[in-house]
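Throw the hints in and build the complete structure from the sequences for me.
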Amino acid sequence: GESVGLHLPTLSVQEGDNSIINCAYSNSASDYFIWYKQESGKGPQFIIDIRSNMDKRQGQRVTVLLNKTVKHLSLQIAATQPGDSAVYFCAENIEGSYIPTFGRGTSLIVHP
Amino acid sequence: GAGVSQSPRYKVAKRGQDVALRCDPISGHVSLFWYQQALGQGPEFLTYFQNEAQLDKSGLPSDRFFAERPEGSVSTLKIQRTQQEDSAVYLCASSPDYGGITYEQYFGPGTRLTVT
Chain A
262 GESVGLHLPT LSVQEGDNSI INCAYSNSAS DYFIWYKQES GKGPQFIIDI RSNMDKRQGQ
322 RVTVLLNKTV KHLSLQIAAT QPGDSAVYFC AENIEGSYIP TFGRGTSLIV HP
Chain B
46 GAGVSQSPRY KVAKRGQDVA LRCDPISGHV SLFWYQQALG QGPEFLTYFQ NEAQLDKSGL
106 PSDRFFAERP EGSVSTLKIQ RTQQEDSAVY LCASSPDYGG ITYEQYFGPG TRLTVT
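In order, the protein sequences belong to chains A and B. Taking the numbering used here, the leading residue of the first sequence gets 262, the next gets one more, and so forth. Taking the numbering used here, the leading residue of the second sequence gets 46, the next gets one more, and so forth.
In case anyone wonders, no lab produced these hints; they're calculated from the structure. One should not assume that every hint holds.
Taking lysine-lysine and the BS3-like style, the derived pairs with C-alpha atoms no more than 25 Å apart in a straight line are [said to hold, decoys possible]: (1) Lys123(B) <-> Lys303(A); (2) Lys102(B) <-> Lys56(B); (3) Lys123(B) <-> Lys59(B); (4) Lys317(A) <-> Lys298(A); (5) Lys317(A) <-> Lys332(A); (6) Lys56(B) <-> Lys303(A).
Here are some chain B residues the structure puts well away from chain A; computed CB gaps all over 12 Å [what the hints assert, rightly or not]: (7) Ala65; (8) Ser72; (9) Ser107; (10) Glu113; (11) Glu130; (12) Asp131; (13) Ser132; (14) Thr161.
Note that CB positions come from ideal geometry on N, CA and C, so glycine has one too.
Below you can see the structure in the form of structure tokens.
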């Protein structure tokens with residue numbers, strides 16, 4: 262299930278289940294979005310990106326959905342594995358700006 | 046291949062001390078970013094270099110923070126007279142692009158700074 266902890270929202274799933282991580286972005290002028298995965302003690306790692314002229318993009322086991330009407334982004338992970346356990350951040354870029362704004366992050370815990 | 050490296054990985058400083066954090070970006074990457082990440086939060090932008098030019102330092106929280114990249118490769122983030130609120134993970138990221146085509150950034154492992 263999903264809960265909001267003191268620091269990070271947390272999503273707990275069983276290995277093999279599909280995971281959906283949500284992100285509400287703030288700026289309607291944002292036109293580029295990235296999902297990052299951050300494991301403990303490491304820097305964020307690029308997963309997948311999407312531009313505002315798209316509403317869906319698929320990668321390997323991951324899909325990003327963009328709903329510009331409600332300024333919502335989601336990351337779907339298929340057949341979640343223990344190695345997917347990490348904190349996931351969405352980041353948004355305003356057109357022409359090289360500076361991303363990161364969202365709060367969601368902690369994904371995958372139980373074997 | 047080698048990714049972005051940062052040193053030291055951990056730094057404990059007494060309040061009032063100066064610290065210097067180093068970032069070695071991926072070779073040939075034009076853009077370099079510094080971020081501050083507090084516990085449980087997303088990275089927050091500090092400053093941006095394009096080659097040796099510091100194009101944006103709007104995120105530096107005070108004039109105690111100073112960054113340089115004199116030869117357009119290695120960068121150093123210096124914090125003078127550290128305060129407890131400076132305790133955080135400092136992340137460096139590099140990108141091969143000027144930001145016009147892709148905004149993908151490659152992050153280092155970070156330096157965890159603890160000010161006591």
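Going through the hints against the structure:
no.: 1; hint: Lys123(B) <-> Lys303(A); result: holds (21 Å)
no.: 2; hint: Lys102(B) <-> Lys56(B); result: holds (23 Å)
no.: 3; hint: Lys123(B) <-> Lys59(B); result: holds (15 Å)
no.: 4; hint: Lys317(A) <-> Lys298(A); result: holds (19 Å)
no.: 5; hint: Lys317(A) <-> Lys332(A); result: holds (14 Å)
no.: 6; hint: Lys56(B) <-> Lys303(A); result: holds (16 Å)
no.: 7; hint: Ala65; result: holds (19 Å)
no.: 8; hint: Ser72; result: holds (17 Å)
no.: 9; hint: Ser107; result: holds (19 Å)
no.: 10; hint: Glu113; result: holds (19 Å)
no.: 11; hint: Glu130; result: holds (17 Å)
no.: 12; hint: Asp131; result: holds (19 Å)
no.: 13; hint: Ser132; result: holds (15 Å)
no.: 14; hint: Thr161; result: holds (21 Å)
The earlier numbered hints are all upheld by this structure, with none contradicted.
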